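Keeping their order, the protein sequence lines are chains A and B.
The first sequence maps to residues 1 to 547 in this note's numbering.
The second sequence maps to residues 1 to 309 in this note's numbering.
It is worth saying that the hints were derived from the structure and are not from the lab.
As the structure is a computational prediction, the values presented were derived from the model and not from experiment.
Among the hints, a few may not be true.
A short, non-exhaustive set of chain A residues, derived as facing chain B with CB atoms under 10 Å [as the list claims (entries may be wrong)]:
no.: 1; residue: S107
no.: 2; residue: Y174
no.: 3; residue: A221
no.: 4; residue: A379
no.: 5; residue: R382
no.: 6; residue: R383
no.: 7; residue: H384
no.: 8; residue: R519
no.: 9; residue: R525
no.: 10; residue: S526
no.: 11; residue: D529
no.: 12; residue: V531
no.: 13; residue: T532
no.: 14; residue: P541
no.: 15; residue: S542
no.: 16; residue: R545
Every residue gets a Cβ at the ideal spot worked out from N, C-alpha and C, and that includes glycine.
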Amino acid sequence: MTDWTKQKAERARRVAAVTSLVSGKVVEPENVTSLLERIICSGDRVCLEGDNQKQADFLAESLTRVDPAQVHDLHIVQSGLVLSEHIDLFRLGIARKLDFSYSGPQSGAIARALDQGKIELGAIHTYIELFARYFVDLTPHVSLIAAVSADRNGNLYTGPNTEDTPTIVEATAYKNGIVIAQVNKIVDEVPRTDIPGDQVDFIVEAPRPFYVEPLFTRDPAAVTETQILMAMIALKGIYAEYRPRRLNHGIGFATAAIELLLPTYGKQLGLQGEVATHWALNPHPTLIPAIESGWVQQIHCFGSEVGMDHYMSARSDVYFIGHDGTLRSNRLLCQNAGLYACDMFIGSTLQIDLAGNSSTVTPDRIAGFGGAPNMGADAHGRRHISDAWLKAGREAAGNNGPLVRGRKLVVQMAETFGEGMKPAFVEELDSIVLARKLGMPLAPVMIFGDDVTHIVTEEGVANLLLCRNADEIEQAIRGVAGYTPVGLARDRVKVEALRQRGVIRRPEDLGIDILQANRNLLAARSVRDLVTWSDGLYAPPSKFRNW
Amino acid sequence: MIPENVMNQPSWYESSARARIEGLLDAGSFKEILGPQDHVMSPHLALFDLPPAFDDGMIIGRGLIDGRPVAIAAQEGQFMGGTFAEVSGAKLVGLLRAVARNAGTPQEVSTVFLLLDTGGVRLQEANAGEMAVSETIHAILDVRHAGVPVVALIGGRAGAFGGGGLVTACCSHIIISEQGRISVSGPEVIETNKGVEEFDSRDRALVWRVTGGRSRVLLGGADSYVKGDIGSFRKAAEVINNNAPPLSLETLEREQGRLEHRLKAYGNCHDTPEIWVIAGLSTPAGIADLTEDDFIDLLVKEGVRHDAR
């Protein structure tokens, strides 16, 4: 006779094994490592909550202290591998296999660990893709998560940085897994219930609040005139042409420049109310001037941002705010919004090849993807229309055919020469070189060329929708690649022909006065200006202050 | 919300040294001495494979403010950190000596404006730079003896550190903005020598709380506080009269007394809010977060805390 409840029994066995270490659901910090040693079994799939912002850092630290003889060969399934403790798990032999999305500061360490055979890599995912696999074949046995506060029944308040938590808990709790939460404080009553207590097995009050990285703060003082020029080209050559109302911005300085130009140059172009009214976007401080000037109707957030909480609470017409008065973010839902409900993604990249493929991988770093491939992908399942989506689709189809589907605008911005004067345009992406070196069957490409619709550099904008074959795409890209070797190797006759057809448009073709591209055009030129715009509600972290 | 007429005001902090001169003087009145076309450049930087500048980051000359003749010198903080070096120092010292010599002649100027923006001495030519600092101080004192006030304007990205902090303190009058900083040892230098517990140079709020414009003016280390746009610096420069106390023994003794009192009252404080508590300010912890208008109101209420320099 088949036993259909083996998972349930195993879960009950593990929970029973720790009764001496807990009081109800509460475990004391000093008992956490012992609890983890009894709850987690070798070979388990474990999600140690960590994304590009918030970190279950106390639980991560505690997990590195388990006895590797007792707990080993874990399969880590989490969106962000960001803390040094995450790498330590592999170094110490506690974990062996890895499926993840984003690594940021640990990108160099991951590449080294892969090279040394310390990590057995499953795949590098996009966020939404990893979350999807939580429900198919990467369901966690144990999830270690972070929340702001909990009551004694395990009801959790995850607050503005809710992010991945509901998704992780859903996958774990409803498939006989075990959920352990570190909280900043155990309280009598949580301000709102983000995670119901019956989905949470154990809670621990961590000795210090969980760490949050200010990842989306771009100091207006560091925006360059080249970035301002690129922002002007994007606004006039793309925003004014397609009028995308629903969009997502990447986190680079080029898009920060666009945000800071909306109330000035965007207004001169008469775009207020016509573009960029609804967003899937993290709480970018650089969007404050546009919000305060009345450009923005609604923003849903993947996560929060350090210092933005009071501002967002006070702007509840714009942001998603709980009845308790604080932001609710949700990475899965916002990624889905970015994929299906946005007409445009625009973001910076480090490298673009001749087919328009782009990557942020360098030879010794595996930074992962995060969400950009979802934001920057045409959703073939989309069935609702918008003017921007249809216009892009018609351009791609050459206005031919009875059945023209729309296209999402996917815009890549790159200065022709990046940091250290490295050309952004290359014959072969570093990620392909890296994949060859590590024997990866799929090179980590951030956005594939067939999804890219426009490339913006300080030399102009290339509209790939209007290109009819691979050769035209190559020459359109060379045509905006400036003085890089790729740009210098362009066929001048073909590039000029593309310019005549409007495939390539230079600043002068767009009627942009290059001399107008200076910092006085920014609606805010310092973090201090952003604070002033916000009526003092934005409280930037100390490292961004100069007052 | 920032009103549109304020939003696009050119900021002193952001502007180049030349843009600051242009915004400070009457339009078209600047006559540069030893300009870039003269190619008087650092003879040392090439040894370090560093590119020189045609003006060595020091712009000197004469001009008018409200029709009054003035002498002006501006450091370009974005070139080598606006440092004191052989050529840049010689240009500044030469300007100051000419002002002292011309006092009482038809060539006399009413005021000297020093637009300092500097990390101190240029390390690649340190001996010449140290000499330049002491010669500059000597020359400033000569100019003041000759009855011409020397006014420092501090609000650039590099602040006024090292020898630049000493030069600033020797001026008759100091105008500063919120972003401006004055000190001798820079934050990184203190951290390197005394440890991060003594001073965390990456805690920018701390750096500004200690060295920034608001603290300096409240402590008497600066005389006028202005908003950060070029227009506000110009307005403050217009109203500088020759009311600075004479450079006499009596003045110096009063200043010494003030500094002794300050050391006794605040010497054990580790951060400026502790000082503001002792000084009896109403929002000791929130000085940095006041709006510009509120802070200027506070200054009017508190009054300037010293009368000597």
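Hints versus structure:
Here the hint on S107(A) is broken, as its CB sits about 22 Å from the closest CB of chain B, past 10 Å. Nearest Cβ of chain B to the Cβ of Y174(A): about 44 Å, over the 10 Å cut. The hint is violated. Restraint check, A221(A) versus chain B: the minimum CB separation of about 8 Å is within 10 Å; hint holds. Of the supplied interface hints, the one on A379(A) is violated, with its beta-carbon coming no nearer than about 37 Å to a beta-carbon of chain B, more than 10 Å.
A least Cβ separation of about 37 Å between R382(A) and chain B goes past the 10 Å threshold, and the interface hint is therefore violated. Interface restraint check for R383(A): the shortest CB-CB distance to chain B comes to about 40 Å, outside 10 Å, so the restraint is violated. The closest approach between the C-beta of H384(A) and any C-beta of chain B is roughly 35 Å, which is over the 10 Å cut-off, so the hint fails. Because the beta carbon of R519(A) sits about 6 Å from the nearest beta carbon in chain B, less than 10 Å, this interface hint is met.
Checking R525(A) against chain B by beta carbon gives a least distance of about 6 Å; that is within 10 Å, so the hint holds. The interface hint given for S526(A) is met, as the beta carbon of that residue sits about 7 Å from the closest beta carbon of chain B, less than 10 Å. A least Cβ separation of about 6 Å between D529(A) and chain B falls short of the 10 Å threshold, and the interface hint therefore holds. Taking 10 Å as the C-beta cut-off, the interface hint given for V531(A) holds, the closest approach to chain B being about 8 Å.
Because the closest C-beta pair between T532(A) and chain B is about 6 Å apart, less than 10 Å, the hint holds. Below 10 Å, beta-carbon pairs count as interface contacts, and P541(A) has one with chain B at about 9 Å; its hint therefore holds. For S542(A), the interface hint holds, since its Cβ comes within 10 Å of a Cβ in chain B; the closest pair sits about 4 Å apart. Restraint check, R545(A) versus chain B: the minimum CB separation of about 5 Å is within 10 Å; hint holds.
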